[in-house]
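Please model the complete structure; the sequences and the hints are all you need to start from.
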Amino acid sequence: MIGIAILLVAAAIAHGLARWLKLPAVPLLIVAGLIINGIGVMPERALLEDTLQLGLAFLVFAAGIELNPRRVGSQRAGAIRVGTAQFGVLFVIGYAAVWLLGSSVQEAIYLALALASSSTLLVVRLLQQRKQMFEPSGRLVLGVLLVQDLMLILLLPILTGLPNGVGEAARGFAGSAVLVIAAFASIRWVAPLLLVRLGLDEEGVLLVTLAFLFIFIGGGVWLGLPMIAGAFLAGVALSGFPVNGIVRGQLGPLSDFFLAVFFTALGGFIALPAPRDLLIVAVLVALVVLVTPVLVTVIAEASGLSARPAIESGLLLAQTSEFSLVTALQGLAIGHVREEVLTIVALVTMISMFLTPFIATNKMTWRLMSMHPMRKREPAREPPRDHVLLLGCGDNGMPLLETLLGTGREVVVVDDDPAVIKLLQEADITCIRGDGSDFEVLRRSGAQNAAMIISTMRRPRDSMHLLGRVRGVPVLVRVFDQADAEKIERRGGIPISYADAATEDFLHWLDQAESVGISNERRSRPRGA
Amino acid sequence: MIVAAAGFLLLSRLVKVPSIVAYIIAGLALGPITRLLTVTEAIEIISEVGIVLLLFLVGLELSLDKIKRVGKSAIVIGLLQVVLTTLVGTVASLALGFDPTTAVFLALAMTFSSTVVVVKLLTEKGEFDSLYGRLSIGVLLVQDMVVVAMLTLMAGLDGGGLNVGNVSAGLLRAGGGMTLLMIVALLSARFILPRAFNWISASGEALFIWSLSWCFLFVVAAELLHISVELGAFIAGVSLAQLQFNQELRRRVHPLMNFFIAIFFTTLGVQMELGAAFGQLVPGLILSGFVLLVKPLVFFVVMPRLGFDSRTTFNTGVTLSQVSEFSFIFAALGVSAGFIDDTVLALISVIGLTTIAVSSYAMGFSGVVYEKLGGERLLKLLRASSGRPEAPRRHMHGHVIVIGMNSLGVHLVQELLGRGERVLAIDTDARKLAPLRCETLLGSIDHPSLVEDAELARAKLVVSALQIEDTNNLLAYRCRQLGVPCSIHAFDRSVVKELREIGANHLMIPKNIGVQRMMVALRERGLLDG
Chain A
3 MIGIAILLVA AAIAHGLARW LKLPAVPLLI VAGLIINGIG VMPERALLED TLQLGLAFLV
63 FAAGIELNPR RVGSQRAGAI RVGTAQFGVL FVIGYAAVWL LGSSVQEAIY LALALASSST
123 LLVVRLLQQR KQMFEPSGRL VLGVLLVQDL MLILLLPILT GLPNGVGEAA RGFAGSAVLV
183 IAAFASIRWV APLLLVRLGL DEEGVLLVTL AFLFIFIGGG VWLGLPMIAG AFLAGVALSG
243 FPVNGIVRGQ LGPLSDFFLA VFFTALGGFI ALPAPRDLLI VAVLVALVVL VTPVLVTVIA
303 EASGLSARPA IESGLLLAQT SEFSLVTALQ GLAIGHVREE VLTIVALVTM ISMFLTPFIA
363 TNKMTWRLMS MHPMRKREPA REPPRDHVLL LGCGDNGMPL LETLLGTGRE VVVVDDDPAV
423 IKLLQEADIT CIRGDGSDFE VLRRSGAQNA AMIISTMRRP RDSMHLLGRV RGVPVLVRVF
483 DQADAEKIER RGGIPISYAD AATEDFLHWL DQAESVGISN ERRSRPRGA
Chain F
23 MIVAAAGFLL LSRLVKVPSI VAYIIAGLAL GPITRLLTVT EAIEIISEVG IVLLLFLVGL
83 ELSLDKIKRV GKSAIVIGLL QVVLTTLVGT VASLALGFDP TTAVFLALAM TFSSTVVVVK
143 LLTEKGEFDS LYGRLSIGVL LVQDMVVVAM LTLMAGLDGG GLNVGNVSAG LLRAGGGMTL
203 LMIVALLSAR FILPRAFNWI SASGEALFIW SLSWCFLFVV AAELLHISVE LGAFIAGVSL
263 AQLQFNQELR RRVHPLMNFF IAIFFTTLGV QMELGAAFGQ LVPGLILSGF VLLVKPLVFF
323 VVMPRLGFDS RTTFNTGVTL SQVSEFSFIF AALGVSAGFI DDTVLALISV IGLTTIAVSS
383 YAMGFSGVVY EKLGGERLLK LLRASSGRPE APRRHMHGHV IVIGMNSLGV HLVQELLGRG
443 ERVLAIDTDA RKLAPLRCET LLGSIDHPSL VEDAELARAK LVVSALQIED TNNLLAYRCR
503 QLGVPCSIHA FDRSVVKELR EIGANHLMIP KNIGVQRMMV ALRERGLLDG
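Going down the list, the sequences are from chains A and F. Going by the numbering used here, the first residue of the first sequence is number 3, and it counts up by one from there. Going by the numbering used here, the first residue of the second sequence is number 23, and it counts up by one from there.
Note that these hints are calculated values from the structure, not bench results. These numbers were taken from a predicted model, which means no experiment stands behind them. Warning: the hint list may mix true and false statements.
Simulated crosslink set (EDC-like; lysine to aspartate or glutamate; CA at most 20 Å straight-line) [as the list claims (entries may be wrong)]:
hint, chain 1, residue 1, chain 2, residue 2
1, F, K147, A, E204
2, A, K133, F, D451
3, F, K90, F, E149
4, F, K454, A, D483
5, F, K454, A, E488
6, F, K519, A, E137
7, F, K147, A, D203
8, F, K90, F, D151
9, A, K424, A, E303
10, F, K94, F, D331
11, A, K24, F, D451
12, A, K133, F, E227
13, F, K482, A, D203
14, A, K133, A, D486
15, A, K133, F, E520
16, A, K133, F, D492
17, A, K24, F, E227
18, F, K94, F, E146
19, F, K454, A, D486
20, F, K454, A, D203
21, A, K133, F, D514
Structure below.
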């Protein structure tokens, strides 16, 4: 009991620090574990190992549940391309680097695999915090993460089986395939039947969810697969809609608990690395942080994403993953690698996770954008004057555009969606493909000399950035949040709040909602013109 | 193990067997019957954690004033019950032919009721907050303290002699320890906790971990002070009970607790020695019957005289009619101290399991049983007064639920209130709910228990201003299932399709509307002419 208390208190301290310093919690949890290991109050090995096992199962299980292809949406193809490329390239480079530094083949393989995956936990949380989950870059990143997780899980059994001969590896693969089929069958038929149709109460949902987990783990082990493969596929089995939503509510607290305890316990397993290992750590961190963004940006753009989201995605993915830890733990468990490898992977993961919030920022994005080769290619043109500048058009903006054109003024549109640009070019409207927060684009579009600027950009910060750059031009900005509206006004812009517009629309609908069965006893107010 | 538990639970849901019984049967199936599983240390720890979490949850439910209200009655009832039941039990055991030591032991073992079973059943029935629910818990806590005293006594009795010095020192320590813990809890609840937890509440996960570690700190302290860990967890829970997040916390702790408790009960089943138990079946059943009849009777006699109405009395009696799982531990201690032999241990196990099973059923059908037994008349025989029944709980109906207190949400609430609608506002951030003038609920609409608390099924309309895709989708789905119309904020083009597929009645697509607003604004400013 004391053991659990210690782990929990350490986790609590780590969370407190994370909140205070605004850093991600996961690396801090590992640090907390390291510290209590150092002080010497770590609970006994046996408890730690059990905790790690259980925590691992839950971690992987929770990741599987979030594997919902629907979320990725339109970015599916791009995600597959980027995910596979990142996985493959980083693996190869990582392997080469580590092997050159003198590691054995087996260790090099494990280390390289660990390098090839980005952290689902961290990135999803960042996306949620920044409210960017639904943006194209967010969706792409999500898809990439899922592809990588899947690949890792499928490759791992092969890897663990390989030293025992190809037959063993093939059997591992076959076993995975069987379980994968079971998982997909379950998404379709079994899970909805059990969790939706039966209308279970909370406790029932929880137990059935856990039953899935343990059945898959058991089945996996029976088929000769590592426990995590079963756990992950159990999660996938429950990832369909609405099953995943129903399950998430019950599983959430369990997940949080085991995760916190898992990462803290992991800290207890890490010993101080030797100097040579430290060198490996440094090299791997450098690889992850430098190669990933470039690689991802290039392929994302090739898949149709415009420059800025591509760069953002790349920066978000520049760390190693909790799945890297899983890989290392697996290798350690079956004796393929020594303990120091786990330490290396843990350190690389920790450091790269720490760095991510500092790397994946707007400032970094803009700096990289200015280095982007595409910019140099645009011919220098005389920027327009006295025009109406529309930043961000999209489908929603078309009516606005038409109205503006109707006034007879010159209208210049900036948008980064290639489809929209094509449409506008066909309609013979002056347009610039680019991002409205980009200085270059603003210059080329003559923002400084416009008669009026209208911004419908997604992110308020971009508009605020714009306001900082242009003076003396009336800028209308579409905002949602009252707080953002105030900030915009303070900077001299004219906020158009669409929250109350939406409210009016809603009330209008409510008034007409008799047919939907809502009894509206109150008389509707007479609406103004 | 979980699979078996889950399997049996599913079956139980179909056959209407209480979940506790289902778990125990699962445990029996896995342990004695098929010998598939043995109890490892890890499993034992998990079981212990389950009890800790359960009591923590209990503490979270009860705020200080709720305790004060039933406190005094609980103490009186509890102490009287312990004394009376022990006396009657001893007499009965003597009558059955057991020697005095064994008789006393048996009586003591039968006196205590099971905190775990009672709380679990109360929570399932949702009657935690009822008068009889709180009384039962009060009595159980009193019993817990008696247990602590008894254990100290037994430690002092080690070796066959009574060391008064040891015993009184032990009792002082236990009492002192408990008082110390309570003081610490009260002081921190007053000064430290509100600010600290307010600060961390921005991250729900961190809040959860902090609460758990607070609980375990108390548990460890309780262990060191030689009081039961359950009391420690309970006190920790109480100290957190008056924070505004306690409902949110409870929702999070609940699944965790369910998981651990399922293992606890299954373990109970696994650890049964069926062979020895069969030998003791007959005396076991007799005594079980005795327990199930007499224990409630004690309550029926005592409580009416304190002014409680017959229904409350009946329910309390039935609720507390089982024998505690702690009796097994107590019996094991007795065996190792040489007071009783193994057969008695087996006997106690049988009584324990039987009474737990029967009382689970009884509590489930307590309403029916009450009628059948002509409850009113029975209690009148014992000179029970009719007393005042409790006021029924208020329900919401025909209200409008607005979720997500961002700018849109707040606007919607204001407008709806202005039209005279009854509005329930929901958000995960307490600070956003504070300035609102309507009824509010703190928590995430992803949690089914919040959906119940908000009485979504009875609402007139559900509106979500949230900008979270998954939550909105699930909400729309739920509303569809329940047949409640919903209007969802489709904050981005990419979420519209899915929401329409799921069948949301109305989508607020602000960007569209925003553009129209934009045009109006342009016209107003005369920027569109020329």
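Original post:
What hint numbers does the structure not satisfy?
Top reply: When the structure is compared with the hints, numbers 13, 18 and 20 turn out to be violated.
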